Amino acid sequence: MAKHHVTATVNGDAVEFLCETQETLLDVLRDQMGLTGTKEGCSTGDCGACSVTIDGRLVCSCLMLGVEVNGKSIATIEGMAHGDALHPLQRKFIEHAALQCGICTPGVLVAAKALLDKHPDPSETEVRYWLAGNLCRCTGYDKIVRAVLDAAAEMRGA
Amino acid sequence: MRYEAPSSLDQAVALLAKESGDARVLAGGTDLLVQMRTDILDPVLLIDIKGIAELRQIKEEAGGYRIGAAVTGAELKEHPKLMAVWPGVVEAANLIGSTQIQGRATMGGNLCNGSPAADSVPALIVAGAKASIVGPKGRRDVPVEDIMLAPRKLSLTKGEIVASFVLPAKAPRTGDAYLRLIPRTEMDIAVVGCGVCLTLDGKGTCTAARVSLGAVAARPLLVAAAAAALVGSTVDAAALTKLDAAARAACQPIDDKRGTKEYRIKVAGVLARRAAQIALERARKG
Amino acid sequence: MQEKLKEPGSEFKWVGTRPDRPDGVDKVTGRAKFGADLAMAGQLVGKVLRSPHPHARIRSIDTSAAEKLAGVKAVVTARDFKDQPSEFIPAGEMMINYKDVVRSVMAREKALYEGHPIAAVAATSAAIAKEALKLIKVDYEVLPHVIDVVEAMQPGAPILHEDMFTAGVDPAPKTASNIAKRIEFILGDVTAGFKQADVIVERSFTTQPVHQGYIEPHAVVASVSEDGQADVWVTTQGHWIVRAHCARLLGWDVGKVRVTSSEIGGGFGGKTVVYLEPLALALSKKARRPVKMVMTREEVFRASGPTSGAHVRVKIGAKKDGRIVAAEAELKYQAGAFAGSPVQPGCMCAYAPYDLENVKVVGYDVVTNRPKVAAYRAPGGPISEYAVESVIDEIAGKIGMDPIELRLKNAAKQGTKAAYGPKFGPIGMIETLEAAKAHAHWRTPLGKNQGRGVASGFWFNIGGETSVSLSLNEDGTLALTAGTPDIGGLRASLCMMAAEELGVGMDKIRVQIGDTGQLGYNFLTGGSRATFSSGMATVEAAREVMKEACKRAAKLWELPEDAVEYKDGTVRPAGPNAGKHNPMTLQEIAGIAGKTGGPIGGYSRINAAGAAPSLATHICDVEVDPETGKVSVVRYTAIQDAGRAIHPSYVEGQYQGGVAQGIGWALNEEYIYGADGRLQNPGFLDYRVPVASDLPMIDTVIVEVPNPRHPYGVRGVGETPIVPPMAAVANAIANATGVRFTELPMSPPKVLKALDEARAKGAAKI
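Chains as they are written, first to last, in this note's numbering: chain U, 236 to 393; chain A, 133 to 418; chain S, 526 to 1291.
The hints are simulated quantities; they were obtained by calculation from the structure and are not laboratory data.
This structure is a prediction, so every number in the text was calculated from the model and none was measured.
A portion of the hints provided could be inaccurate.
[As the list claims (entries may be wrong)] Taking beta-carbon pairs under 10 Å as the criterion, some of the chain U residues facing chain S (in silico):
(1) 280
(2) 308
(3) 312
(4) 332
(5) 335
(6) 341
(7) 376
(8) 381
(9) 385
[Unchecked claim] Derived DSSO-like pairs: lysine-lysine, alpha-carbon spacing no greater than 30 Å straight-line:
(10) S/706 / S/942
(11) S/699 / A/374
(12) A/417 / S/973
(13) S/973 / S/1286
Cβ coordinates follow ideal geometry from the N, Cα and C atoms, glycine included.
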C-alpha cells in the first residue's frame, strides 16, 4: 500500500511527509518530525495532551489522520514562543507555578492560546469550560486558571 | 487501509456503494478514530467527505436552514444567526466532548455513529430536522428520528450518506432547548438527554411541541405523549408534572457503567421539565 | 486565596520566596523530554500480550508462529526470567516480594488478573508487533475469579495462591485463603473505654479501587549492548529502584545497568514499581537492539496498580464533653493479585491525628483478581481516615458539638503517643484546626441546597537513602546533581536551599537529576521525601563546599583553617585575624581551586532521618441538586502544616493537587468491573477524574510548625493533602442533605437513591 504524500505548514515552516492512512497527526508530529512537545495521554480524545491548532482551530491531534492535514497550517507548542520571547501565557505559567510535572502543560498552553486568540477577556468560568478537555492530575487547575486570566489581562494591556 | 477524499457527493456515494469490504465515512473522526484505535473497527476504506461543498456549508433555505452534515460544532456556534434561531441545536452540538472535540465533531457523525446517547440528535429531532440522504438511487429526506434504529444500526442502505440536515422555518414564538445529565460538568457521555421544542400562541398557550429523549432506550425517542402533555397548556406546573410522568413512562433504559435504569427514568422526567422551562422562556422572547 | 500563617521575615533570602523554577522554560516550550519522547537509532517497538481472563491456569504458551513473523526480533515469556525466592523489600512506603514481582511483570503458573502480561514481543513496527501478539497461542484453563474484598475473604472463595496461609493469626491456618495477613495495633483497652462512653457510633464503609491517574502512560527505552551493558531511559519515581528490580529479575550485576529518569508526567506512587522495564531489557538483550515500550491508556488502567478498594468498619465512643474514650477500626483492603495492600499504613494513620488512650485497629491484606495495587499518595491513609473522620463528624452531631472543637479536644500534639508506636515531636494538628476555625470560609453563610464539612488528615512522611553532589565550576557557578526525580518543583527547592546556604544567586546554580551511574544510591521520590531528604543532603553538600572554600583561603592566607569563616557568600578571616585579608567570593575561590588542591565540591551520602508528619484540616462546601443527586464542590480550603515552605507556590500546588484527587475519589472515580471480572472503564471517558470546570478555586493556608530535625524545618507535604477530602466532601453532603454516605464514590445515581430513601423516612433535609 503506497503511502500518502502530504504537504503542510508546521509552526510557519513548510513540511512534507509520507504517512499511512491510519497514522494519526500525533504520530506524524512526534515520530516523524521529532516534535515531541505534543504528548499522547490517551489516544481517544479524552485528555487533551495532544492539543494542536489546525488553521487556528483547537483540536486533538490523536483524532486526526496525518493525511487529513494536506494543505493545512498546524501550530504546536514548539511554535508558541517567538525567538527568545516566551508567549505571555508561557511566562505566566512559570510565574504562577501553573505546572508541576508538566506533561499536560503543552496541551493546556495550546488550548489557552486558542481561547485568548478568540476571546481576549474570558471569565473564570469560561476559562474552566474551555479547558475542560485538558486533564491535569497535578495542579487541581487553580494556578492554571489564574495564570490564564493574568496572561489575558496582560495581553489586553489591562 | 485506503483513504479517498472525493470532491463530489456522487463520487463519495459511488465509492461507498461499490466497496465490498468495510468502508467508513470520515467526517470529524472523533468517533471513528477512537473505534479504529481500540480495534472495534478495522475499515479497508475511509471516505473523507470534508471536501464536498454541501456537507460543509450552512445555507438559509425556504425560511429555514440546510446545515451540512460535516459542519463542526464550533462552526455552528460561530455562525452569526444559527445560535439565535436554534439555540437548542447549537448548544447540543457543543456539549459533545471538549472544545477540541467540538473543533472537529459533526452532527452527521454524531447521528451516524449510532449511539442512543448522542447529544445533538434529540435536539435535531425536536427542531423537526430532516436528514437529507444521498445514495445510489438519488436523494431522500428522512425525519432524523427515523434514522437510528438501534445501537450502531441505521436505516440507511448501502452507499447512502447523510449530506445535510434541513431545519424548517421556525414558527414565531418557538423555543428549543437541550439538556443532559452527566456526572461531571463536561467530558461525559449523556446519562440522560432531553430536547424540547415548543410553540406558543399570542396568549401564551402551547400550540405545538416536540419532546425527545436520549440515552434511555435503544435509540433516541420522540415522545408523543410528552408533547401532548404540553399542547393546550400554558406550560404551567400541572403541565410540567404531566410532562415529567410522560417522559418517565417512555423510557426503556438499561443499567450500565453510566447509570442505573431507575436513575435514568427519574432524571428523564426532571430534564424534560427543565428543558421545557428553558424552551418556554425562549418561545416567549421570540 | 493562598495564605501563609507566618510570612517570611528577613530571616532568609531565598527560602520562602517564589522564584521561577529552573526547569520551567523547558516545560512550557515542549522541550522537556518525558518517557516516550526519546527515540534511539534502530529501536524496535515492544508490545505485551495480556491475559483476557481474570483468573486462569496457563497450561502452555506457543510463541513459535510469532517468532517466525517477518520483522519480529525477539519474544519473551516467563521462561526468560528466573524464578525468585520469597523476599520482602521496600517499594516507596509499601513492601513488595520478589517472588511476586517476577510473577507480576510476567505471569508464570497463572494469569491472576485481566491484563496480566503473558508474553512480550519486539518488532520493527507497532503494526508487526501487534500482529505477532495475535500469533501467540496460549492454552488457558479458565478458573472462577473473585474481585470483591469481602467475597475474597469468605471460605469457598476462589483461591489465588495455593501457598497463602494468613500470617499474623495464631494458630496459623491450615487451609489456604486469600487473606495474606492480619495485623493489629492496640493501645489501652477499648472494651473498658466503650463502657465509659456517653455516645457510640459504629459505621461500615466501602471504597472502590481508584487509579493514580497520571496523564503520562508508562514508557521505557532499553538498550542492551553485546557486552551486557544496559541503558534504560524511563519515566519513574525512582531510577535506583528500577535498576535494582531489573538487575535482580534478569540476574545481572547492578553496576551493569544504568538508568536515567526522564521527566516524569505524574506518578503519585504508581511509578515506584516496574512493569515494562524488565520486559524491554529482556527483549533488547535478545534482539540486540534498543526496544521502546509505551503503555496505551487502556493498558495503564487494565494492568498498572490502582490503590485498594476496601471495606472499613469504625466504632468510636465519646463522652458528652467531646472526649473520645474508645476508638476501634477494622480494615479490609484488597491488594490485587499479590499480597501487599497498604493496609498497614492505613491502620497506622487511622487515629493518628488524635491523642487517645484506648485504640484497637485490625487490618486484613486480601488478594483479589485485579492488578496488584501500587502506592497512591499516602497509601492506605485516605481510606481509613475517610471512615474515621466521617464517624467523628457524626459524633459531633450527636453530642451537639462543633466538629472543629471536637477535634481540638482530642488533637494529637507534641508528646502524644500514637497507637502505632512513636511519640510525636512538634506537630501542627492544633495549629491547622485553629486556622480552620479562624478562616473566613468557616464563617461564610451557606446558600440553598448547600452544606459544609470539615475533616482532618495525617501522613507520616519518610526520609531514606539520599546522595547529592555539588561541584564548584571554575568560574564560580555550581552544578548540583540530585537523584530524586523532580515530580513537581523539586529542582527549584533544592536550588533555593543551596543558594541560601552558599549566599549566591539561584541563577549561579544549575540543578539536574543525575542517572544511576552519577551518584550513590537514592531512594525514590515518594513518601513526601524529596524536598526533605534531597534538601537535607543538598544543605550538607553546600556546607562541605563552604568548609572546603575556607580551607583553600586559609591555605592561601597562611592561616589556620578555623581562623577563616564563610559569611554572606564570601570567605573571610575571622576573629582576631579579621580584616587582615580582603574577603574572597566563591568565584575567586574557584579561581584558585586548582593550585590549592584541586576541584572543590561537596558530596553528601546520607540516610535522611527525622522526617516528621504533616497534619491538615480541610473545609469543603458542596451544593447538591435535589432532583438529580449531582454534587458540586463550590468552595474548598486546604490548611496544612509544611514545617517550612521552601517554595510556597509548589507547596500550595501539592495541597491543591491532592485535594483535586481526593474530590475525584469522593465523587466519581471508580473501577467498574463486569461480572466476568473484566474492567469496563479503562479510559478517561468513563474513569472520571475531575476536569477544570468541576472544581472551584482551591484556597490554601500554609501553617508552619518547623520540623526541628531538618536544617530548614521542612516537613514533607505531598501526601497529606489527599487524606481529608473524601471525608470533607462526605461530611459536607451530610450537612446539606441529612444523609450520610458510607460508600464511595458518591456519584449522582447513588446520591439520588439515598436521598429518596431518606425522604421516604422523613429524614432528608432537601
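Checked hints:
1. 280: Cβ of residue 280 of chain U sits 9 Å from chain S, so the hint holds.
2. 308: violated, 18 Å
3. 312: This interface hint holds because 4 Å falls under the 10 Å limit.
4. 332: holds, 4 Å
5. 335: Status holds, d = 3 Å.
6. 341: holds, 5 Å
7. 376: holds, 4 Å
8. 381: holds, 8 Å
9. 385: This interface hint is violated because 13 Å lies over the 10 Å limit.
10. S/706 / S/942: Given pair residue 706 of chain S, residue 942 of chain S holds - Cα atoms ~25 Å apart, limit 30 Å.
11. S/699 / A/374: violated, 64 Å
12. A/417 / S/973: holds, 29 Å
13. S/973 / S/1286: Holds: residue 973 of chain S and residue 1286 of chain S sit about 22 Å apart, inside 30 Å.
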